[in-house]
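Visitor: Spelled out, the chains give:
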Amino acid sequence: MTRPRPLIRSQRMTIVTGMLVFVLILIVLQLWLLTASVNAYLGGERSIVLPALGASALCFALNAGLLRYLYRLE
Amino acid sequence: MISRNPGSLVDADRAVVPPDRGATASQPKWRRDFPIDAGQDEFVSRRELVKFMILTSGAFVAGHVWLLVKSLVERAPFGLPAVSVATVDELPVGGAKTFQYPAGSTPRLLVRTGATTFVAYDQQCTHLACPVVPVVAQGRLHCPCHNGWFDLSTGRPVAGPPQRPLPRVSLDVRDGSVYATGVEEPSS
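First to last, the sequence lines map onto chains A and B. Just so we're aligned: the first sequence equals residues 36 to 109 in this note's numbering. Just so we're aligned: the second sequence equals residues 2 to 189 in this note's numbering.
In short, the hints are calculated from the structure, not lab data. A virtual CB, placed ideally from N, CA and C, is assigned to each residue, including glycine. Any given hint might turn out to be false.
[As the list claims (entries may be wrong)] When the alpha-carbon atoms are kept at most 25 Å apart in a straight line, the in silico DMTMM-like pairs for lysine to aspartate or glutamate are as follows:
| hint | chain 1 | residue 1 | chain 2 | residue 2 |
| --- | --- | --- | --- | --- |
| 1 | B | Lys98 | B | Asp173 |
| 2 | B | Lys30 | B | Glu43 |
| 3 | B | Lys71 | A | Glu80 |
| 4 | B | Lys52 | A | Glu109 |
| 5 | B | Lys98 | B | Asp176 |
| 6 | B | Lys71 | B | Glu185 |
[What the hints assert, rightly or not] Ranges between beta-carbon positions, derived for each pair:
| hint | chain 1 | residue 1 | chain 2 | residue 2 | range |
| --- | --- | --- | --- | --- | --- |
| 7 | B | Gln101 | A | Ala96 | 40 to 48 Å |
| 8 | B | Ser85 | A | Leu85 | 33 to 41 Å |
| 9 | A | Leu85 | B | Ala160 | 32 to 40 Å |
| 10 | A | Tyr106 | B | Gly105 | 17 to 25 Å |
[What the hints assert, rightly or not] Residues on chain A that point at chain B, a partial pick, calculated with CB under 8 Å:
| hint | residue |
| --- | --- |
| 11 | Leu61 |
| 12 | Pro86 |
| 13 | Ala87 |
Generate the whole structure from the sequences, applying the supplied hints.
Guide: This is the structure:
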């Protein structure tokens, strides 16, 4: 089995840029989730907090996976 | 032109590119002595931005956890003590008085609606926190700031801008006294 050729800088740059776009989308989603959760919480609706936490944690897990890949890329 | 030779790709990858993308020979002496590789610089800054964004993502999760913990702590009153807030003879039918329960809370409003019936709610309107006043003859609570109305028997909004019911204080009438025994947070 042949070892994959290491990526050159321009390729890594493209990957990191794509990663950044994906992370930004997830961050905006999390920001919206937190804003909506706080709004609902202050309005007395507390049942929304736990599902919102789950969704936010899922976004963070995806981001953490990307971070792991970023470290492997270096 | 794209080279098919992997060796030339690696060489191009290792080449130091100045920030103005010009030839190395045309750079001033100080830059030739301390060359900055623009490509590597961009890669590192973008990589660090990704890391910072992921840290921000973690901060959002921490914010959600804080919200959940706060919600759980506030949901469990862990048995507020029963406190006498008035005597039965103190209030005529249709009369009202304010009290704090538990001590230090926002003002609560106790209303005598009948010979043996009392109700108590948070006095702050759920719209913009103006104090509500009882209109016992109509069976309602009125918020004069924005003409909001609540049902006196349930605390639910019936007219005006308020959308949420008033938090209700549960009461127990015994031995000629009215005791506050807990606070019921509205479900929605």
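Visitor: If a hint holds in the structure, say so; if it does not, say that too.
Guide: Hints versus structure:
1. B/Lys98 to B/Asp173: holds, 16 Å
2. B/Lys30 to B/Glu43: Roughly 23 Å between the alpha carbons, so the hint for B/Lys30 and B/Glu43 holds.
3. B/Lys71 to A/Glu80: holds, 13 Å
4. B/Lys52 to A/Glu109: Since the Cα atoms of B/Lys52 and A/Glu109 sit roughly 13 Å apart, the hinted pair holds (cutoff 25 Å).
5. B/Lys98 to B/Asp176: holds, 19 Å
6. B/Lys71 to B/Glu185: Measuring from Cα to Cα gives roughly 17 Å; hence the hint holds.
7. B/Gln101 to A/Ala96: 40 to 48 Å: holds, 45 Å
8. B/Ser85 to A/Leu85: 33 to 41 Å: Holds - the Cβ-Cβ distance for B/Ser85 and A/Leu85, about 37 Å, lies within 33 to 41 Å.
9. A/Leu85 to B/Ala160: 32 to 40 Å: holds, 33 Å
10. A/Tyr106 to B/Gly105: 17 to 25 Å: violated, 51 Å
11. Leu61: holds, 6 Å
12. Pro86: Check failed: Cβ of A/Pro86 comes no nearer than 10 Å to chain B, outside 8 Å.
13. Ala87: With a closest approach of 6 Å, the A/Ala87 hint holds.
Hint violations for this structure: numbers 10 and 12, all remaining hints satisfied.
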